[in-house]
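Student: Chains D and C are the protein sequences, given in the same order.
Going by the working numbering, the first sequence wraps up at 135, each residue one higher than the last.
Going by the working numbering, the second sequence wraps up at 1418, each residue one higher than the last.
Do not rely on the hints blindly, as some may be mistaken.
EDC-like mimics (lysine to aspartate or glutamate), calculated; alpha carbons at most 16 Å apart, straight line [what the hints assert, rightly or not]:
id : chain 1 : residue 1 : chain 2 : residue 2
1  : D       : Lys86     : C       : Glu1062
2  : D       : Lys74     : C       : Glu1031
3  : D       : Lys74     : C       : Asp1034
4  : D       : Lys86     : C       : Glu1063
Facing chain C, from chain D, some residues (calculated, C-beta under 8 Å) [claimed, not checked]:
id : residue
5  : Val8
6  : Cys9
7  : Met12
8  : Pro40
9  : Ser66
10 : Gln68
11 : Lys74
12 : Asn77
13 : Ala87
14 : Ile96
15 : Tyr128
16 : Glu132
Hints in this document: simulated from the structure, not taken from any laboratory.
Even glycine gets a Cβ: it sits at the ideal position worked out from N, Cα and C.
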Amino acid sequence: MRIKGKSVCGGMAEGDALVSKMPISFTGGVDPDTGRVREPNHDLEGQSIAGKILVFPAGKGSTTGSWQFYATCKRGNAPKGIINLKAEGVVAVSAIITGTPMMHQLENNPLECISTGDFVRINADEGYIEVEKKG
Amino acid sequence: MKLSQREEDLLDGKQGPGAKKAMEILVAYGEACDAERMIPIISTHMAGNYSVLMDEGVEWLEELAQGGTKVSVFTTKNPEQFDFDDADELKVPMFYQEVQKRIDRVLRSLGVTLTYSCHHYLVGNLPRLGDHIAWASSGSQVYANSVIGARSNRDGDHVVLAAAIAGVIPEWGLHLTENRKGQVLVDAGGLDFGSMTTADFQALGWSLGKVVADKTPVFANLPSDLTIQNIKGLLYTLTVTGSVGLVHLVGITPEAKTVEAAFGGDVKPVFTISAKPENIEKAYKEISSSRETKVDLVIFGCPQCTVQEVQEIAELLEGQKVNSETRLWICTSQWVKTLSKRMGLYEIIKKAGGRIVADTGAACGPYRYLPELGVRVVAINSARGNYYAHNVTGMDTWFGSTQELVRTAVSGRWEGRS
């Protein structure tokens, strides 16, 4: 399945999807040393975002999140690519400073048509993603 | 986004890699925020200290500064972790002193003015009504919009630095007049302002922030002679439990001479709240996170204390002694520390066993190393300070008034509400 969308940061990435229905804060919400989500009661609590195609509605919380995302990336624990419903400033800037391919405003709702474990290819240079449903 | 020729040139790298990186950040941010163009700015303020930057953040700054990248706009910097003049005396571990030297060096090379203060608007970074600016730190931003009348969104440090280098910022949000209209009416007429402490103003902000959420509130029936300390108490705390960037204080905010002006004409609030004394009392219990009555550190200054606040603490403390098992710190800027020496306040506080600590603040600056010195339970006269010290650096915190904190410092045990 191919879905068109807008690119926030160009580049290509592919990997297993990790999907959250909840906004994410990179300050306090994710441990830069492990990539694990540590926000209590988050739907990804305890799961690692490292090496995934991370799909979530949008960022939230402190604007220092871009510093924390940068450290997470340098420690090898960042996602390979990001898909948001609608990007906000903190995550958009995080993607740009780390060169993480990022898309948003897709033609179909990514939270509905992508499930955790699906294989996702992001082509943010040409403005589309491809989803292979698992199993 | 539609870019000017100059902006296109920056993006193409014609002014060097630092300016290219800055423009890339601004374009991505602008497109995510649906901005149509860039607008010039005249003032910027950077927030993050080592707690959030970590080693990688310092390296990012060093990379940005390579090739002589400089800010083109007057830029000041929020507090760091310790008082540079007294670092050895305060037993700040060498690791933190060394990393601070790197931060100093790279910020100076970028052309950032090293204020290490969160009352930068009291010491030189003072825009005017209608100016477009980029101030990181939610407290500074809400002060700029609500008291000064300058226009800033809630920008993070990467955006602020990029804007400082490029001299422009995407035009969206609170830069646009149509987004500055009031949305919620807060009737403050039921409060007894004469009896309220600065801590009460913060407790009120804590309580109302949760109700206001991300709407722009209009406070009506406020006395027009509120002190700057009380205005800051209310505004800075509203941004902790809510995500407001602009608060119309009718009679104080330059754009809110009347309730009608605050709403941009028709007074059509989404909803109306009546502020009540009960709101204040309930918030005190929520703000404190500690159960431990023995207090290791009593700390003032989030945002950093004004000279009036230092004076108040000195008067309360004069002739008393801080408990031998408790520390008392007053966090402020270097110039308020200097003023305090000149006014004899520094000596009074020192004689009582307390200290004035510059270049840091009571929110999270010193808490990376203070636990190494045995500090665990902290009393802070700031609701915002309680929130960040507990949630970012894991301290046990108590919230109370300046008077309650001074009593606590003397007895060594928590003397406020519990």
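Student: For every hint, state whether the structure bears it out.
Tutor: Against the structure, the hints come out as follows:
1. D:Lys86 / C:Glu1062: With a Cα-Cα distance of about 32 Å, the restraint between D:Lys86 and C:Glu1062 is violated, given a limit of 16 Å.
2. D:Lys74 / C:Glu1031: violated (26 Å)
3. D:Lys74 / C:Asp1034: With Cα atoms ~29 Å apart, D:Lys74 and C:Asp1034 exceed 16 Å; violated.
4. D:Lys86 / C:Glu1063: The given pair, whose Cα atoms are some 30 Å apart, is violated under the 16 Å limit.
5. Val8: holds (6 Å)
6. Cys9: holds (6 Å)
7. Met12: violated (17 Å)
8. Pro40: violated (11 Å)
9. Ser66: holds (5 Å)
10. Gln68: At 6 Å from the nearest chain C Cβ, D:Gln68 passes the 8 Å test, so the hint holds.
11. Lys74: This interface hint holds because 4 Å falls under the 8 Å limit.
12. Asn77: violated (11 Å)
13. Ala87: The hint holds - D:Ala87 has a Cβ within 8 Å of chain C, the shortest such distance being about 4 Å.
14. Ile96: holds (4 Å)
15. Tyr128: violated (17 Å)
16. Glu132: For D:Glu132, the interface hint is violated, since the closest Cβ of chain C sits about 28 Å away, which is over 8 Å.
Violation of the numbered hints given earlier is confined to hints 1, 2, 3, 4, 7, 8, 12, 15 and 16; the remaining hints are satisfied by the structure.
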